[in-house]
Amino acid sequence: MARKKVQFKIQAGKNQRFLVPQFSKKAQFKIQEMSFMLLAVVIFFILALLFFLMIKYRGMYSEAGMLKKEKTISTLSNLAETAEFSCGSPFCIDTDRLIVMNNREAYDGFFPLVSLSVRKLGVEEVECNENNYPDCSFFRVYDNAGGNEEIVSTFVSLCRKEQKQGYWYDKCELGEINGGFERAQAK
Amino acid sequence: MRKKAQNEIVGFILIVVIVVIIGLFLVIFYIKQEPVEQKSKTVENFLQASMLYTTDCILSIEPINLRTLMKKCYDGMSCLDGRESCGVLNDTLTKIVKEGWAVGEDSPENAYFIEIYYEEGEDEDKFERKMLSISEGNCTGSRKGAEYFLDHSPGTIVVEMKLCYT
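Protein chains in written order, with the numbering used here: chain A, 1 to 187; chain B, 1001 to 1166.
It is worth saying that the hints were derived from the structure and are not from the lab.
There could be a bad hint or two in this list.
[To be verified] Only pairs whose alpha carbons sit at most 27 Å apart, straight line, appear in this in silico BS3-like list of lysine-lysine:
#, chain 1, residue 1, chain 2, residue 2
1, A, Lys161, B, Lys1004
2, A, Lys25, B, Lys1098
3, A, Lys68, B, Lys1039
4, B, Lys1095, A, Lys171
5, A, Lys26, B, Lys1003
6, B, Lys1072, A, Lys171
7, B, Lys1098, A, Lys71
8, A, Lys171, B, Lys1071
9, A, Lys171, B, Lys1032
10, B, Lys1071, A, Lys161
11, A, Lys161, B, Lys1095
12, B, Lys1003, A, Lys25
13, B, Lys1004, A, Lys69
14, B, Lys1162, A, Lys69
15, A, Lys164, B, Lys1039
16, A, Lys69, B, Lys1098
17, B, Lys1004, A, Lys26
18, B, Lys1072, A, Lys68
19, B, Lys1162, A, Lys56
20, B, Lys1072, A, Lys161
21, A, Lys164, B, Lys1095
22, B, Lys1126, A, Lys71
23, A, Lys164, B, Lys1072
24, B, Lys1126, A, Lys56
[Claimed, not checked] Covered stretches of chain B (chain A as the covering partner; in silico rule of three or more C-beta atoms under 8 Å from a C-beta of chain A):
#, stretch
25, 1072 to 1078
26, 1109 to 1123
27, 1130 to 1138
Only a predicted model underlies this, so the values are computations on that prediction, with no experimental measurement involved.
Quick reminder that beta carbons are idealized off the backbone N, C-alpha and C, glycines included.
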């Protein structure tokens, strides 16, 4: 009986219906080698892509920052055209009005800025008051900055009425308007 | 060496060469890209604000502003003191740019270029006359700029300003 069982096992091994595929060791090694190569190529391309995206995104962030700044400059330009400052032309501030606005606490919070000042360009900085005007160059409208502000500037024309040989005319110089914005803090 | 091993090495070298060529192509393409010129609100505001600047050129009674001086330069007129209006325009514009921008190797803005020209008509009938050109520094890095259009019937005086910055 025992002899018969062994015979049956040997017969089952030879049975063509239960053939197990046989790979040679060399072919297995080849497949493994190819898969490693493919993996290395894919990793290389992923790294190259990541590097490219990193450079591209860094440029995008700086561009976004620049656009944000340009938007703020537009706000500041509009501010220069308000009735309190404008001389009647675009990008023009009437310094005769500006000297009246000097250190006006009533305007705290009226404009969406923490500080506002106007500076004449190309001359030494001398703060303006009613005694030294127009021989000065810096007009401080108000300053409520608590040290955490970002100042944005844009060019404006600073005009005032001046008399020459009995005639009054508009004397305009180049200046800049500086607006301080509260810097956003990460929580 | 066996022929099979030689084939393997040749294949590997071929892949490396292809990858290097693609890499070089991408690097050259990235470097050769023309610097993008952006429209700048600051430069635009500078040009706008400069136009009202009172020059030292007097035509009749009072000193004229830069906007009027440009028109007089195109018309070929002189100031009361005998100076050519285009000469005064050149000096005044150079002075204003120096006041407004710290152009130099040590500052972010390393060069500027201003061109003023008159244009009239469109397409084939277009007439253009160069009036003035001012520049300073060697342009490196990115560029930003703006234009200002001044009506001078029947045409337009165009002021173009470009700034190079790093």
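- Message: Of the numbered hints stated earlier in the document, which are not met by this structure?
- Response: 1, 2, 9, 13, 15, 18, 22, 24, 25, 26, 27
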